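Trainee: Using numbering that gives the first Met the number 0, the first residue of the sequence shown is number 0, and each one after it goes up by one.
Any given hint could turn out to be false.
As a list, the in silico SDA-like pairs of lysine to any residue whose alpha-carbon atoms are at most 25 Å apart [claimed, not checked]: (1) K554 with E471; (2) K595 with D583; (3) K470 with F533; (4) K97 with K340; (5) K595 with G609; (6) K709 with S680; (7) K249 with N549; (8) K528 with L244; (9) K109 with D70; (10) K105 with S386; (11) K249 with R557; (12) K717 with S680; (13) K97 with Q379; (14) K511 with G558; (15) K478 with G493; (16) K595 with F568; (17) K249 with P639; (18) K717 with H677; (19) K693 with G493; (20) K664 with N479; (21) K611 with Q623; (22) K6 with R27.
It should be emphasised that the hints constitute simulated quantities derived from the structure, not laboratory data.
All values derive from a computational prediction rather than experimental measurement.
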Amino acid sequence: MPFPFYKQPDQMDCGPTCLRMVAKHYGRNFKVQTLRELCEINREGVSLLGISDASEKIGFRSLGAKLSLSDLKEAELPCILHWRQNHFVVLYKISNRKYYIADPGKGLVKLDEQDFVRSWLADSENAEGIALLLSPTPYFYEQEDEKGTDVSWGFLLRYLITYRQLVLQLLFGLGIGTLLQLVAPFLTQSVVDIGINTRNLNFIYIVIIAQAALIIGRVSVDFIRSWILLHISTRINISILTDFLIKLMKLPMSFFDTKMTGDIMQRMNDQRRIESFLTGSTLSTLFSMLNLVVFSVVLAYYNATIFFVYVVSSVLYLGWIFIFLKRRRELNYKSFEISSKNQSSIVQLVTGMQEIKLNNCEQQKRWEWEHLQARLFKFQVKNLALSQYQQGGSTFINESTNLLITFISAKAVIDGQLTLGGMIAVQYIIGQLNAPIQQFLGFIQGFQDAKISLERLNEIHQMDDEEPVDKEYNHTLPKNLSLSLNNLTFRYPGAGNEPVLQNIDLLIPEGKTTAIVGMSGSGKTTILKLLLRFYEPEKGDIKIGSQSLNNISFKTWRGHCGVVMQDGFIFSESIERNISVGDDYPDKEKLRHAIKVANIQDFIDSLPLGLKTKIGAEGNGISQGQRQRLLIARAVYKDPEYIFFDEATNALDANNERVIMNNMKEFFTGRTVVIVAHRLSTVSNADNIIVLDKGHIIEQGTHQQLTAIKGNYYELVKNQLELGT
0 MPFPFYKQPD QMDCGPTCLR MVAKHYGRNF KVQTLRELCE INREGVSLLG ISDASEKIGF
60 RSLGAKLSLS DLKEAELPCI LHWRQNHFVV LYKISNRKYY IADPGKGLVK LDEQDFVRSW
120 LADSENAEGI ALLLSPTPYF YEQEDEKGTD VSWGFLLRYL ITYRQLVLQL LFGLGIGTLL
180 QLVAPFLTQS VVDIGINTRN LNFIYIVIIA QAALIIGRVS VDFIRSWILL HISTRINISI
240 LTDFLIKLMK LPMSFFDTKM TGDIMQRMND QRRIESFLTG STLSTLFSML NLVVFSVVLA
300 YYNATIFFVY VVSSVLYLGW IFIFLKRRRE LNYKSFEISS KNQSSIVQLV TGMQEIKLNN
360 CEQQKRWEWE HLQARLFKFQ VKNLALSQYQ QGGSTFINES TNLLITFISA KAVIDGQLTL
420 GGMIAVQYII GQLNAPIQQF LGFIQGFQDA KISLERLNEI HQMDDEEPVD KEYNHTLPKN
480 LSLSLNNLTF RYPGAGNEPV LQNIDLLIPE GKTTAIVGMS GSGKTTILKL LLRFYEPEKG
540 DIKIGSQSLN NISFKTWRGH CGVVMQDGFI FSESIERNIS VGDDYPDKEK LRHAIKVANI
600 QDFIDSLPLG LKTKIGAEGN GISQGQRQRL LIARAVYKDP EYIFFDEATN ALDANNERVI
660 MNNMKEFFTG RTVVIVAHRL STVSNADNII VLDKGHIIEQ GTHQQLTAIK GNYYELVKNQ
720 LELGT
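Turn these sequences into a full structure, and let the hints guide you.
Mentor: Structural data, given as structure tokens:
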């Protein structure tokens with residue numbers, strides 16, 4: 000029985016996917032999303048500790064260890080290996096100095112000892128590699144299989160059902176096309192057997208005209224089918240992508256913190272692969288299979304012996320192709336690794352040229368690159384040899400079959416069992432039968448790709464929305480707008496991570512300005528993100544007045560918040576639309592006020608198109624200070640009850656900062672403001688200053704109170720105060 004294999008859905012999913020394969024090997028199904036959560040995956044992936052903790056939660060005994068190669072040969076398999084210092088794979092079998100690996104990124108591969116050691120030990124000085132040994136406990140077998148791990152094609156059927164009339168027209172067209180092709184061999188036979196044998200030229204004219212009419216009909220059917228196919232595929236493509244974007248925008252913000260941008264983009268590309276499979280290879284393969292069945296019946300009608308020879312040769316052809324698939328996968332696996340290193344080496348040579356020249360290591364770096372080229376060439380030679388063997392064998396089988404069928408049909412003509420026209424018709428039929436076999440191989444590959452893509456899309460669609468439809472939310476804020484954090488503890492996902500905030504009790508009064516200061520990593524930005532509901536606290540809660548923030552709609556809450564984050568985003572739009580985000584028709588008065596408060600009018604006036612100037616990735620470049628002023632203008636334009644600033648002025652020069660902070664004083668009046676900052680000028684006028692250290696509140700009070708006691712706050716700002724030591 001082959002070892003169960005799953006491909007990792009995302010770039011950082013190798014750890015959970017390895018654990019999923021081991022669990023399946025022992026007879027239990029788990030969703031990759033469940034294992035992700037148990038592993039506490041984050042943007043950097045998972046650690047061996049995370050996989051170990053997750054494995055024990057689902058019923059494994061686990062032991063992480065450094066092993067020598069001889070120790071590994073005695074270990075219980077399957078086990079999870081740390082691979083090339085940045086990946087996880089499953090080792091499931093060792094036999095005859097061959098190592099069988101399930102790599103969630105590549106597939107099932109077999110490596111010789113040299114290649115295995117190179118990847119596992121990864122130049123370790125003590126010749127030991129890292130492995131996670133797993134064995135199931137009775138509790139593991141008490142677990143029930145999770146439903147939903149299999150791919151649901153029903154998710155896609157609703158898109159096809161929407162266009163069922165067009166699909167039926169396509170199927171009708173396929174049937175007509177098959178029938179038109181079916182008539183062709185009989186017409187060819189009649190030309191030879193009747194027209195030529197009886198020297199009846201008029202009959203030949205009629206048959207030729209009939210064949211021409213069939214060709215025109217077939218081309219017309221193909222033409223119409225292509226238009227219908229384009230119509231269906233475009234609509235399905237847009238529908239799948241639109242539904243995906245709708246779902247994506249309903250997911251919580253924490254989802255985007257644990258996903259690489261490339262993974263999300265890959266899912267958007269997946270829908271095109273699925274659409275191509277549904278409307279392209281599936282229908283064309285269906286047409287080919289229909290041709291295969293019909294023409295096989297016709298071939299059997301002409302001559303049962305020829306039909307038997309064709310079936311046997313087709314089985315041999317498919318068998319020969321499949322023999323090489325495993326070996327080709329192993330070579331592709333090794334070649335991919337070297338090609339990746341080659342790409343990195345070239346980038347390193349170009350980007351690091353300054354350091355290379357400064358350290359006189361040109362020759363060493365060039366020799367490293369040449370060594371990679373030699374290894375790459377070696378695998379290219381092996382690939383070429385394998386392709387030649389595969390191509391040579393398949394060509395030999397095909398040509399031998401054609402020769403044998405020609406001989407059998409010629410003998411049948413001589414023996415009077417088949418007419419000359421029948422022999423020509425048989426050759427035509429064989430030509431029609433070869434294409435479906437070759438197309439079937441492409442269909443299988445397309446099916447596998449579409450299945451993986453569908454699994455990735457299904458996974459997103461099965462995730463819980465930020466606002467589940469079955470939960471009631473309040474869409475108005477209470478009268479008391481003060482914020483309170485009660486016994487709040489939070490840590491970021493990741494096994495072994497220490498809490499960023501511990502037992503925080505904090506009151507942010509309505510209509511007052513609260514500043515949060517502290518050393519880098521003390522938890523300042525995390526408090527802001529929790530207030531904005533990027534994450535859920537591990538313990539404790541956040542309240543507005545007496546009402547829990549969890550009971551208020553996310554959209555309602557964020558609609559009342561003006562935010563400037565450290566990494567705020569500038570869209571590839573005009574300055575006007577960047578400030579008035581969310582308004583199709585910007586309010587001119589609010590726009591002027593926002594520009595004035597953010598002190599950005601001079602910059603706008605210096606541009607030839609003014610507010611209509613396009614900025615962002617596809618427009619004019621702007622400095623970090625200009626970017627921050629635009630983000631401040633965006634927050635002011637929103638005219639919110641709450642203001643959250645995270646280092647909003649750290650890139651501004653002293654003059655701009657002074658002007659903006661003076662403008663802000665009036666704007667802050669009557670609003671609840673939370674400012675995270677290091678600069679004294681930004682926080683000194685706050686009604687309350689919170690000092691954080693390693694996730695704890697250690698001081699709070701006004702600027703005058705905190706400087707008077709000469710504690711942690713005083714130490715943080717004394718250089719800015721110029722009070723000396």
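Trainee: Hint by hint, say whether it matches the structure.
Mentor: Cross-check of the supplied hints:
no. : hint           : in the structure
1   : K554 with E471 : holds, 13 Å
2   : K595 with D583 : holds, 21 Å
3   : K470 with F533 : holds, 19 Å
4   : K97 with K340  : holds, 24 Å
5   : K595 with G609 : holds, 14 Å
6   : K709 with S680 : holds, 18 Å
7   : K249 with N549 : holds, 16 Å
8   : K528 with L244 : holds, 24 Å
9   : K109 with D70  : holds, 20 Å
10  : K105 with S386 : holds, 20 Å
11  : K249 with R557 : holds, 14 Å
12  : K717 with S680 : holds, 13 Å
13  : K97 with Q379  : holds, 22 Å
14  : K511 with G558 : holds, 19 Å
15  : K478 with G493 : violated, 38 Å
16  : K595 with F568 : holds, 21 Å
17  : K249 with P639 : holds, 23 Å
18  : K717 with H677 : holds, 12 Å
19  : K693 with G493 : holds, 18 Å
20  : K664 with N479 : holds, 22 Å
21  : K611 with Q623 : holds, 20 Å
22  : K6 with R27    : holds, 17 Å
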